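Peer 1: Now for the letters of each chain:
There are 4 protein chains.
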Amino acid sequence: MAKVAMLGAGFIGDFYTFSMHGQRNRDKVCVIYSRDEARGKAFAAKHGIPRWTVSMKEAVNDPEVEVVMIGLPNNLHLEAVRLAAEAGKAVFCTKPLGRNAMEAKEMLDLVEKAGVVHGYMEDLVYTPKTIKALKSVEGGALGEVIWARSRETHPGPHSDWFWTKDVSGGGVLLDMGCHCIEISRNYIGKDIKPVEVMCWADTLVKPIEAEDNALGWVKYENGAIGQFEVSWSFRGGMDLRDEVMGTEGTIWVNNFLRTGFEMFTAGGKKGYVAEKAETEKGWLFPVGDEVVELGYTDMLTDMFNAFDNKTLPKETFYDGYIVNEIMDACYRSAKSGKWEAVELKEWRGREKTEKINALKDYDAEHLLVKEERMPDGTVKLILKNKNSGKISQRITG
Amino acid sequence: MAKVAMLGAGFIGDFYTFSMHGQRNRDKVCVIYSRDEARGKAFAAKHGIPRWTVSMKEAVNDPEVEVVMIGLPNNLHLEAVRLAAEAGKAVFCTKPLGRNAMEAKEMLDLVEKAGVVHGYMEDLVYTPKTIKALKSVEGGALGEVIWARSRETHPGPHSDWFWTKDVSGGGVLLDMGCHCIEISRNYIGKDIKPVEVMCWADTLVKPIEAEDNALGWVKYENGAIGQFEVSWSFRGGMDLRDEVMGTEGTIWVNNFLRTGFEMFTAGGKKGYVAEKAETEKGWLFPVGDEVVELGYTDMLTDMFNAFDNKTLPKETFYDGYIVNEIMDACYRSAKSGKWEAVELKEWRGREKTEKINALKDYDAEHLLVKEERMPDGTVKLILKNKNSGKISQRITG
Amino acid sequence: MAKVAMLGAGFIGDFYTFSMHGQRNRDKVCVIYSRDEARGKAFAAKHGIPRWTVSMKEAVNDPEVEVVMIGLPNNLHLEAVRLAAEAGKAVFCTKPLGRNAMEAKEMLDLVEKAGVVHGYMEDLVYTPKTIKALKSVEGGALGEVIWARSRETHPGPHSDWFWTKDVSGGGVLLDMGCHCIEISRNYIGKDIKPVEVMCWADTLVKPIEAEDNALGWVKYENGAIGQFEVSWSFRGGMDLRDEVMGTEGTIWVNNFLRTGFEMFTAGGKKGYVAEKAETEKGWLFPVGDEVVELGYTDMLTDMFNAFDNKTLPKETFYDGYIVNEIMDACYRSAKSGKWEAVELKEWRGREKTEKINALKDYDAEHLLVKEERMPDGTVKLILKNKNSGKISQRITG
Amino acid sequence: MAKVAMLGAGFIGDFYTFSMHGQRNRDKVCVIYSRDEARGKAFAAKHGIPRWTVSMKEAVNDPEVEVVMIGLPNNLHLEAVRLAAEAGKAVFCTKPLGRNAMEAKEMLDLVEKAGVVHGYMEDLVYTPKTIKALKSVEGGALGEVIWARSRETHPGPHSDWFWTKDVSGGGVLLDMGCHCIEISRNYIGKDIKPVEVMCWADTLVKPIEAEDNALGWVKYENGAIGQFEVSWSFRGGMDLRDEVMGTEGTIWVNNFLRTGFEMFTAGGKKGYVAEKAETEKGWLFPVGDEVVELGYTDMLTDMFNAFDNKTLPKETFYDGYIVNEIMDACYRSAKSGKWEAVELKEWRGREKTEKINALKDYDAEHLLVKEERMPDGTVKLILKNKNSGKISQRITG
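Protein chains in written order, with the numbering used here: chain X, 41 to 437; chain B, 41 to 437; chain F, 41 to 437; chain H, 41 to 437.
No false leads were slipped in.
No copy is singled out in the list; a pair is fine if it fits within one copy or between any two copies.
Think about it this way: if two alpha-carbon atoms lie no more than 27 Å apart in a straight line, the pair counts; the simulated DSSO-like pairs of lysine-lysine are:
| # | residue 1 | residue 2 |
| --- | --- | --- |
| 1 | Lys-410 | Lys-205 |
| 2 | Lys-81 | Lys-420 |
| 3 | Lys-430 | Lys-205 |
| 4 | Lys-426 | Lys-400 |
| 5 | Lys-375 | Lys-430 |
| 6 | Lys-205 | Lys-420 |
| 7 | Lys-378 | Lys-233 |
| 8 | Lys-68 | Lys-43 |
| 9 | Lys-86 | Lys-420 |
| 10 | Lys-375 | Lys-233 |
| 11 | Lys-230 | Lys-145 |
| 12 | Lys-378 | Lys-392 |
| 13 | Lys-175 | Lys-259 |
| 14 | Lys-205 | Lys-426 |
| 15 | Lys-259 | Lys-354 |
| 16 | Lys-400 | Lys-321 |
| 17 | Lys-420 | Lys-400 |
| 18 | Lys-145 | Lys-385 |
| 19 | Lys-86 | Lys-350 |
| 20 | Lys-354 | Lys-395 |
| 21 | Lys-395 | Lys-426 |
| 22 | Lys-354 | Lys-43 |
| 23 | Lys-68 | Lys-350 |
| 24 | Lys-86 | Lys-175 |
Bear in mind the hints are in silico, worked out from the structure with no lab data behind them.
Remember, it's a predicted structure, so these values are computed and weren't measured experimentally.
Full structure from sequences and hints, please.
Peer 2: Now the structure itself:
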């Protein structure tokens with residue numbers, strides 16, 4: 041049973057605490073920090089938390105506290121990490137790690153120097169579907185992954201600070217691109233180096249300084265592409281989908297909007313349907329258990345198991361740093377209009393990965409381009425002569 | 041933290057234990073009973089359980105044990121319940137409660153006389169989707185429920201004893217009809233009396249004595265119909281779907297085969313896809329976290345919270361008994377070819393429920409039959425004159 | 041190119057004409073009959089039809105007319121068929137053929153005595169998906185069909201006459217049960233005799249005399265069950281789904297509500313979404329081309345090809361008669377509460393069909409009950425000893 | 041009734057002819073041209089075509105022929121168009137129009153100088169779903185379209201010539217990108233100028249010279265993005281999906297792989313499931329009527345109606361030329377790694393389109409950033425002060 045200081049009484053702090061205190065779980069929040077006294081008090085009452093404070097330092101240094109969880113606006117992550125590191129306590133930080141790679145690198149250095157257990161709370165690589173999908177990919181079900189698309193779009197975040205660039209550090213690319221980038225990185229392989237990025241970002245719909253829509257491609261050393269699509273102007277709820285193409289297979293994951301639960305109501309249902317649903321009547325698509333489906337449950341299990349075992353969870357500050365570097369490159373690319381290199385100050389993965397190679401011999405003289413069963417039952421082969429390079433077709437029984 | 045004796049080291053005992061020991065849960069199995077020494081030992085090793093035994097009595101009376109969980113073949117439920125009641129320990133029993141209503145009634149009497157906490161482990165009313173759907177129904181999102189279809193079909197159970205009638209007590213109707221009946225009962229209202237049933241059951245595909253396919257309708261006192269469809273000869277995996285029609289809305293729940301997770305693999309994936317998947321290549325439809333999606337997680341939370349609080353969970357032996365009575369009536373109907381009364385020795389719900397009434401006045405003289413917006417933008421009304429009974433149509437702006 | 045008299049200027053006449061005059065089709069309506077002069081005129085203008093009349097006889101005997109299409113209320117089918125038969129013209133009649141089997145039988149006798157081409161316009165066995173599905177079933181893709189569920193539910197018909205029992209002849213069972221019954225009959229085999237039926241019908245929601253909800257099972261001589269579900273009180277649009285279980289496979293067809301076309305609109309879309317959609321904003325599920333998806337296109341092709349070739353289409357008045365007999369038995373069963381025999385005055389199919397038999401030998405001594413690959417890669421067999429009847433399990437590599 | 045010379049007896053010629061001769065259609069192929077005598081003869085026999093020839097010129101100049109349809113490899117389009125223009129006959133050409141914009145421009149000039157009816161056979165903007173979706177977009181259901189994704193991926197084309205770059209002119213970008221680009225252009229607005237493109241293209245899986253995978257963004261003058269994704273190495277069938285985001289709504293179209301038709305077969309179905317399905321057993325996803333669902337039916341209707349009325353169809357050689365220019369820019373971008381301008385020699389749309397503007401006033405002083413109903417029933421507003429630019433949040437009843 042771990043004792044936790046929760047930093048932040050907003051939407052995400054609520055989700056984390058709800059998840060931690062749910063089911064028959066054994067970990068507990070023992071102090072809540074909020075800048076706002078009333079909110080902190082209300083949060084403590086709602087979740088049965090014994091203590092609340094308006095001092096971040098006090099929360100972190102609470103003698104009972106073993107683990108610090110950061111659910112604060114982006115501009116406060118670094119300060120919170122520094123306090124935790126100084127206190128020598130385990131620290132789990134929400135996404136994105138920093139507002140930029142410089143901040144993220146500093147946080148990474150702080151926790152590593154302090155030798156504390158640290159986790160990067162990227163919940164979406166922990167959704168039960170993603171966990172199982174990644175296991176299938178690792179088991180070879182898809183062959184080599186050549187492309188992974190991750191999409192997160194909804195009608196915009198809940199709190200004003202997200203929309204204010206100097207607090208948040210950026211727009212939708214920073215807020216949700218971080219999810220998508222880390223998801224694709226997991227599918228393609230976390231030890232394969234991201235080498236360059238191409239990004240488009242624009243402010244098309246909302247009256248804000250930062251971008252409200254962004255698209256991007258992250259190219260990995262083996263030639264695979266991680267594609268992200270993020271928007272704060274999507275209509276219809278929250279769309280969280282991943283698609284993976286491999287040389288031998290395909291994976292499609294829908295984490296939120298179409299999960300086998302459909303409801304039509306004429307009268308208007310009272311109460312909470314789902315995060316970022318847009319309507320209260322007509323056809324609705326609730327999710328079963330949000331904290332499970334969004335990955336909070338499995339993420340916290342991994343984080344707290346790491347704390348118990350004094351190891352590191354699957355997602356660490358190092359991963360958060362890599363994601364920040366990729367996003368920094370994306371912002372550069374959105375400005376320059378060309379591919380920009382990912383400038384990693386620190387790389388702990390494979391040093392050199394060969395390009396994907398899925399060529400198949402048909403016989404001594406030919407490579408197989410394609411094999412297809414035709415409507416009449418015959419099999420049609422497309423072959424390439426290894427010497428001449430000539431492509432031909434052949435029908436077999 | 042509850043200490044549990046698990047009775048039964050088969051498929052279902054495995055699922056229960058896996059669920060209880062998963063995530064950051066605090067309850068633990070401390071002794072496993074299996075008739076087979078080798079299986080018990082292996083089970084204990086796999087799940088990190090300190091003790092195993094071939095004596096059911098020894099397991100139940102283990103001094104550390106507070107809760108007895110029954111995951112045994114149907115013919116052993118009564119004996120296990122008797123032991124637990126005699127020991128004065130909480131007891132949670134897998135479905136169906138008895139092989140018939142007589143057995144179930146005896147179990148109900150035993151636990152109530154002993155005054156122990158008891159739970160009927162009907163996991164499928166605890167799937168996260170079902171929990172949320174039931175809440176919507178209770179909140180009025182569907183108006184009055186008039187029909188609930190529950191379907192469970194797959195290619196047949198895992199162990200030989202299910203297929204052996206004197207051990208199991210029946211075929212697919214008993215094995216899976218119990219799920220569907222209790223799901224519909226929850227949607228329609230657990231305090232509304234089930235009055236009669238119509239059932240078809242046949243042995244169409246399998247070389248067994250008991251039925252391998254069954255269909256049924258349970259009529260409730262308010263006129264609503266609970267429909268079940270069960271099969272041990274379905275091809276394509278495990279189909280677990282519920283559909284609910286209300287006067288004001290509709291709910292469709294797919295718990296297993298189409299939940300937003302799709303995979304194509306050319307090569308043949310090694311390893312476990314999902315309970316009762318039939319193929320290992322081509323298009324596969326895994327579920328995210330089976331123990332969550334099948335309701336085990338939320339069911340155990342409710343059961344163990346009840347144990348902690350010395351209350352009763354949502355599903356008790358009384359519910360199990362009601363389901364057994366309904367199934368007994370189904371078997372009578374399948375034989376007689378007509379509607380058969382449900383003969384409840386014990387009814388604790390509403391004594392008399394009026395028939396569903398959803399009539400709507402249009403004006404002083406007319407009832408509204410239907411209102412529809414037409415392609416040309418007008419609204420077409422179908423009205424019934426309250427005096428003459430004549431039905432007419434009217435176009436309005 | 042066929043010249044057609046369209047009888048009826050209502051919703052269904054509109055659909056038929058729209059379908060016939062659509063794309064690059066070559067058949068044409070040359071006269072429209074409507075009881076109401078204004079409607080007939082407007083219909084003619086809308087569809088470019090040269091002549092209109094308020095005399096059914098005049099329309100049928102129009103010298104240019106070769107084919108009579110009946111899109112009239114149920115109580116006028118017999119009269120229209122008599123006129124067409126007397127005129128010696130081909131006649132295609134909408135569903136249901138009669139208000140009861142007696143009417144239907146008379147119509148069948150009339151066209152057969154007159155020797156005219158006749159078609160029963162059961163569009164839903166002609167949806168492109170159904171056509172392909174039936175072909176797969178005939179090709180053996182499902183083994184033996186043991187169960188076919190057909191469901192049609194929506195918020196109720198468009199015109200007042202449907203709701204008036206002496207005009208329509210019945211409620212939702214007659215109006216839409218006829219679709220479902222013929223769909224199941226096609227899947228199970230049109231030459232296999234329907235022997236008895238069980239039906240529930242009730243008036244739960246609407247202020248009408250006839251039933252607004254009905255459920256039924258049609259038992260065929262080989263033991264297969266055709267299940268229908270019909271409702272005039274469904275909320276959420278029009279639900280047209282079929283599910284087929286065979287000993288070797290499964291088919292699921294969704295003809296209308298989930299066909300791969302999803303739209304969310306915040307503003308409220310002007311114009312026609314789809315037949316019987318209930319909302320104009322939020323999530324909507326339009327169909328592509330309604331006249332194709334509902335089977336009108338392929339049905340008319342079959343009907344007019346039959347006319348050209350002086351043969352009969354796939355669905356004839358004989359089929360309409362069989363469906364009416366099944367529905368008559370359903371009404372008897374709904375009243376008696378027991379299985380009722382289908383009393384066919386005329387049966388042209390197979391005289392005696394054996395019960396479905398899907399038993400599989402495992403070896404000389406055993407039948408195979410089930411074979412399953414387990415999570416650990418082994419294969420688990422459930423076997424039945426042919427002599428002792430004992431069921432056992434066996435693990436193989 | 042139009043009389044057609046079909047040029048090309050391959051896969052696409054077969055589809056065109058099958059579609060034209062299907063249902064009760066009135067247009068007919070009267071001569072088939074194939075380079076290969078045996079194929080031409082067989083094609084004529086199969087489709088009931090009176091004449092066949094190995095001379096393209098003879099086919100085009102056949103005196104009965106009114107319309108020339110081109111279903112030839114890309115390198116023969118220009119020659120065929122020239123012959124048709126010289127003969128003064130209507131000409132419909134398959135996609136892509138040219139191997140590059142230069143060829144396409146020459147074809148456009150040829151038909152316009154000759155004054156013949158011409159059509160660009162881009163079937164996928166004619167799928168019934170796309171037609172209805174475009175109508176909704178035009179009606180304002182989505183507000184302003186800001187992004188349209190079109191995806192076409194499958195395991196590769198049927199014939200050797202596609203894989204041979206000097207015949208085809210390019211790889212998957214040319215072969216299928218042309219579909220996606222024209223689909224997005226229709227959603228965003230055909231009169232809005234495409235200004236620049238970003239493209240990634242690589243040869244990851246197949247042993248060929250041309251690209252087997254490509255991704256791209258086409259930026260339109262109003263800031264909207266048309267995104268395409270094409271692959272010849274997708275596993276699992278043919279994936280044809282479009283997704284559209286507007287300021288007020290969303291459209292998702294699935295034309296092929298998930299259209300409400302699902303089949304599981306254990307035994308292995310004989311015969312044709314669907315174009316580019318990869319498996320014959322397990323879960324299969326057939327389409328209903330391929331020629332309808334892929335747009336051939338509605339496309340030919342538009343083309344032949346244009347011929348009858350001496351107008352132009354919705355898709356003309358001009359559209360084909362625009363698409364080729366966009367693709368030429370894509371190839372430049374794939375090489376240069378930066379956005380490349382679309383260099384239109386001819387632009388007939390709007391001269392200048394303003395940037396998308398969806399700003400909404402909340403009151404005199406504030407713009408509305410977001411409005412959301414919270415779980416507790418309150419409404420949360422995110423507002424931007426017009427003067428200070430400060431963003432704040434506000435809770436209202």
